[in-house]
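A.B. asks: Protein chains in written order, with the UniProt record's numbering: chain A, 1 to 281; chain B, 1 to 540.
Accuracy of the hints is not assured; some may be wrong.
Rough simulated footprint, nothing fancy, chain B against chain A, three-plus residues with beta-carbon under 8 Å [claimed, not checked]: (1) 3 to 17; (2) 25 to 36; (3) 84 to 93; (4) 121 to 135; (5) 254 to 262.
FYI, nobody ran anything at the bench for these hints, they're computed from the structure.
Note that beta-carbon positions come from the ideal geometry of N, C-alpha and C, so glycine has one too.
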Amino acid sequence: MTRWIKQVGWRHLVGLLGLVFALGPLLFVLSAAINPQGTLASSTLVPSGASAENFTKLFSDTNFGHWFLNSIVIAGVAAAASVFLSALAAYAFSRRRFHGHRIGLMSLLLIQMFPQFLAVVAIFLMFSTITDLWPAFGFNTWWGMILLYLGGALGVNTWLMKGFYDTIPKELDESAVVDGATHAEIFFKILLPLVAPILAVTGLLAFIGTMNEFLIANVFLTDSESKTLAVGLYGLVAGERDANFGVFCAGTLLTAIPTVGVFMYLQRYIVEGLSAGAVKG
Amino acid sequence: MTTKLGGPARRALPATEPSRHQKDESRQPKSGTSLTAQFVKILLLGLVTAFAVWAAFPLIAEEHWFGLALLVATTAAILYIYLTPRHIPAKYLVPGTLFLVVFQLFPVLYTASTAFTNFGDGHRGSKQDAIVAIQTSSVTRVPGSAEYALSIATQGDPATGPIVFLITDPATKAVSIGDAEGLTPAGAVTVTSSGKVTAAEGYTVLNAGQASARSKEITEFTVPTQGGAIRSAGLSRAYEGKAGRAYDAVTDSIRDMTSGKSWVADESVGAFVAADGERLAQGWKVNVGFDNFTRALTDDTISGPFLRTLIWNFAFALGSTGFTFVLGLFIALALHSSRVRGRNLYRILLVLPYAMPSFAMLLVWRDMFNTDFGLINNLFGTDVDWFGGAASARLAVILVQLWLGYPYMFLVSTGALQAIPGELLDATKVDGAGVWQSFTNVTLPLLMIPLTPLLISSFAFNFNNFNAIWLTTEGAPFPADNTTNGATDLLITYTYRLAFGGSGAQYGFAAAISIFIFLIVATISTISFRRTRQLEEVYS
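Okay, chain A solo, but in the shape it has when bound (with noise of 0.2 Å):
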């Protein structure tokens, strides 16, 4: 007994531990969403109540639906583009050798690192322009919000993705193309269904990215119905701390199923995505 404390018993209670600390805030904000008072003062760790009257509020006296739409449109579509851009761009950096290969990796790098929020004025001052110009891609709108945002597709997922296909022998090109593949159908047909742990990876890192991008998205979008969740919900609880708290919590659940769905489907790609995009073997 003592000995399978020593060597497996311990682990558990490291673990159940670990459960405690990951699981109690989520428990009370499941047991505030529920909870029918849903003020912050009467929440606890245990509900003292259970009903659905915070989600009924949510629905009917702001503009969640809305929210969760816009969120995961401009969070989807932007995540995806960015992931197929920064694929084709690793192609290039994993696979040819040209002039400014490595200035152009370095720079990738260092763009990233400033601070691009604090560039905020200017993006305001360029889609002001863009709003009179072409109105489709302004202010309040989901292109305006997409293109906003794939501007940092290349970057840290350029990275990621270019040290994972550094990881397939490169052999596998060069006999295509004795067998006559042009390069096009290299990238396409060979390399992305190897690469698809590191897709799946970069592509859920900048779903998440987006959905929780708040400073942005609360100077670009203005309108209750085209806001985002992170905006909007924030708003719910920004003024009023207290009143709000349950219908606030309502909202946080449900915005954390399309992640933690995702999350749990593409969990076996995160371990070995993550980890071996890192990596040189």
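Given the coordinates of chain A, work out where chain B should sit on it, guided by the hints.
C.D. replies: Here is chain B on its own, set in the frame of chain A:
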């Protein structure tokens, strides 16, 4: 030490299968696939061209010739790159680079150039704008001046569209339209006997409710006229006042009519300055060279807090990255044993915080630390004013970061641990090494190879983790004598408050600080990456 980790190498092996697949395909007639490819290519390039044509019309209508030239040049370059067989890397780099240049590089360069100006509240526009603003804001009502009937209208949405004054001269009943440019005679209008305009061609007349909802804007609105301006007196009357201060082009100064005092334009600071040193609040945008940079370093009221913030910023980034790594790695090590049952369940549940929307959870944590109603004080029966004291607030934000961040470290450590061959550890056991010894000498060095780049990017991310601070403490607590720089402020939240905060926007200064931030993060990251194998790839 270049022991290969198993993971990626194994990954590469199954590749033989698709390659065989590829060979099979190449035996088929090639024209089929390349026809589809050609078709897709032509379709996409057609779409690009169509989009460019669509985008060109507004540019032509607004006579933005420079923008049009840029559009034509870009489109031509895209067509050239994809229609010639050469420049293969460019074919893959152009799409992402376009977005990077327009939506990232350009704003960053613009911001960098702002760092050398005094751009901000009071210094937004040109000198001419400043003169107009000074003159119209000094307009006062002259006793006995004419009073006009006023109706308020807009050309857009009643709640947000630009305000326009419809002014009826009581004597002639003539209606004029007044906007920020001045007065123009109105077109077809319907006027009541009292002079109130009920309808005007091309404008939406606001009703009483809509107008009073925007009364603040209406009070501030002025229509410049010869020698003064028209302002509102309530929502239905307007008067023409005389400017108390006027610009004199000969001496390049502003003169106050009543006191006779004058402020001379000073191009080096972008403001009108009087002989006694008094500055008019309304200035204009000028180049100030390195003033913003030196100010951050030499001005005592700024450099002190700046240095303190810098130190805390490092502590925060190191703490957030280090603690999450230690905890994540520890749990990963604990669960890394085939004898632990339910490892998958542990993993799924432990990772949940990472999958939750972090912006929302930060706000939840903010409320959990609430002194009066917060969960933490309730649960432990304490009465700590968490965000009230510097030390407790710092502890609190680090704890929040730990919760949000350790699942990620747990995940990546789990992945990296799986890649370390078990035989290696068995060998150390045979050699007589203890658990701790084999961990520090074998496992950890092997883990650090794949994890160092991730730790560096995590550090860089946390160094500028705006949400972590802004959504929890907003930088609080603030010292009594300084409301712009709190104990938990990172450079980035401090900068944000400078740029957009309540005490007036200072874009120029904020931009200068963001350049400092950039230099710091870039230097640290470059040095660290240089020491890892990640960078060797770049030089290969």
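A.B. asks: Each hint should be assessed against the structure and marked as holding or not.
C.D. replies: For each hint, the structure was consulted:
| no. | hint | in the structure |
| --- | --- | --- |
| 1 | 3 to 17 | holds (count 7) |
| 2 | 25 to 36 | holds (count 4) |
| 3 | 84 to 93 | holds (count 6) |
| 4 | 121 to 135 | holds (count 8) |
| 5 | 254 to 262 | holds (count 4) |
When each numbered hint is compared with the structure, no violation occurs for any of them.
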